[in-house]
Amino acid sequence: MPQFPQTAFSTLALLVPFALLSACQSNPATTEAPTTTAAAPDSAATAAPAAAAPDSASKKYLAQPLVKDIYTADPSAHVFNGRIYIYPSHDIETGMPENDNGDHFAMRDYHILSMDSIGGQVTDHGVALDLKDIPWAGRQLWAPDAAYKNGTYYLYFPVKDKQDVFRIGVATSKLPTGPFKAEPKPMAGTLSIDPAVFTDTDGKTYMYMGGIWGGQLQRWRTGKYDASKPKEQEPAATEPSVGPRVARLSADMKQLAEPVREVKIVDKDGKVLLSGDNNRRFFEGAWMHKYQGKYYFTYSTGDTHFLAYATGTSPYGPFTYQGTFMNPVQGWTTHHSIVEIKGKWYIFYHDTQLSNKTWLRNVKVTELKRGADGSLALINP
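Numbering (mature numbering (1 follows the signal peptide of the UniProt record, and there is no 0)), first residue to last: -28 to -1, 1 to 353.
Calculated from the structure, these hints are not laboratory results. Careful: at least some of the hints might be erroneous.
[To be verified] Listed below are the simulated SDA-like cross-link pairs for lysine to any residue, each with C-alpha atoms no more than 25 angstroms apart in a straight line:
1) LYS240 - ILE351
2) LYS121 - HIS261
3) LYS196 - ALA160
4) LYS341 - GLY92
5) LYS314 - TYR267
6) LYS104 - TYR126
Let the sequences and hints guide you as you build the complete structure.
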């Protein structure tokens, strides 16, 4: 989910062209009825909300934005009843100054996208859940995920409560596109951001969650939320890194069936990755998929802007680090999902092609290829 680097402006200066910052008009959503646009993952799309900045116009991209009339990010993709549904964040221009905690990512609702096939027409189904309709919410609707069970669709979302602490909530609908009705309280025992929900082949469902820095995961190191000294709560560079959390969901999909446990990401020698190992350690944006009996835990390294993967034999881990599978996108944040569609695997991700602003992003999709041993091929976006 959205973050912004410590020493933000110096970091961005070093990351050009990955974090180009130039002017572009924002496009807050007002659409209630579904709209459709044509979007091909490997060809130029049509009509942008505003003229692309010269830097973007001259660049070559692996894929084009799926929609251009609103800004979307952090896409969680699923196939329900043969149709592809995408559950993204909805970026808006708030005018808030940028900071390390990502306060300028002040999203207020969710739009759900769908399409029949990769490269087909994309439908924007309008507002599916609004911040004002979540009784316990304070601010910042960040990266969501979705699941389906027994005739009900579940939308899982992170939002700060009225004490400014990130929790994860759940909302339900009889339709994959909503509208969704939020439960009156957050899910007990949840914390931080970026819920990713995975149903295993045995029918058990798990939720992965967590993101450091603005995602507040480092504040839960003792098992209780610590609001003091946020800059000092991340482990020292030589200490084990903070891992994401995982817990199995209850049968009704609305609660955790067990206490959260930390996910360990280890090197080939079985040692937990260190906090200072910024090219490999977990930062945010967890996703889980299973391929040929093996669990693939994928995630963002945050301030080094890679997508990395680790594999294991249990949904709880530990997961052994395998490598990078996507190089940095244009823009600071990286967040993705991976899904199998008609026998091929695809990765949904975002960059800042339309706006050149790191907080106004656009979702994309491209094929995810594997080696004969199941390894993920490196993608240059």
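Evaluated hints:
no.: 1; hint: LYS240 - ILE351; verdict: holds, 23 angstroms
no.: 2; hint: LYS121 - HIS261; verdict: holds, 18 angstroms
no.: 3; hint: LYS196 - ALA160; verdict: holds, 13 angstroms
no.: 4; hint: LYS341 - GLY92; verdict: holds, 21 angstroms
no.: 5; hint: LYS314 - TYR267; verdict: holds, 20 angstroms
no.: 6; hint: LYS104 - TYR126; verdict: holds, 19 angstroms
Comparing the model with each numbered hint stated earlier shows that all of them hold.
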